[in-house]
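J.: Generate the whole structure from the sequences, applying the supplied hints.
Each step along the sequence shown adds one to the number in the working numbering, with nothing skipped, and position 1 is 1.
It is worth saying that the hints were derived from the structure and are not from the lab. Since this is a predicted model, take the numbers as computed values, not measurements. Heads up, a few of these hints could be off.
Here are the in silico distance ranges between beta carbons for each label pair [as the list claims (entries may be wrong)]:
#1 N49 to K75: 30 to 40 Å
#2 D20 to R54: 18 to 28 Å
#3 R71 to D51: 31 to 41 Å
#4 A27 to D3: 15 to 25 Å
Ideal Cβ positions, reconstructed from N, Cα and C, are used throughout, including at glycine.
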Amino acid sequence: MTDVHELRFSRQLYSGEAVDQAVKAFARFAAFDLEQTDDHWVVRMRPENPDLARRLRGELGNHALGLTVQRGGAK
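T.: Listed below in structure tokens is the structure:
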């Protein structure tokens, strides 16, 4: 069974649409579940290749941040 890795993106810093887009861009590498709380966009990731989990966490975060910047911030 593949481990689940949870990432929390602050709603003050990240656009929800950007997080959604980033998840879609990485969908071929992992299965994702999304949730929102009052303070965070929560992403649970189950990588196809567990050896890439750490790298995927970083790349997903970088991609979501870049898309947020392109959108002009978290708004």
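J.: Each hint: holds or not?
T.: Cross-check of the supplied hints:
1. N49 to K75: 30 to 40 Å: 34 Å, holds
2. D20 to R54: 18 to 28 Å: Because 22 Å falls inside the window, the suggested range holds.
3. R71 to D51: 31 to 41 Å: For R71 and D51 the Cβ distance comes to about 32 Å; the hint holds.
4. A27 to D3: 15 to 25 Å: 18 Å, holds
Hint violations for this structure: none, all hints satisfied.
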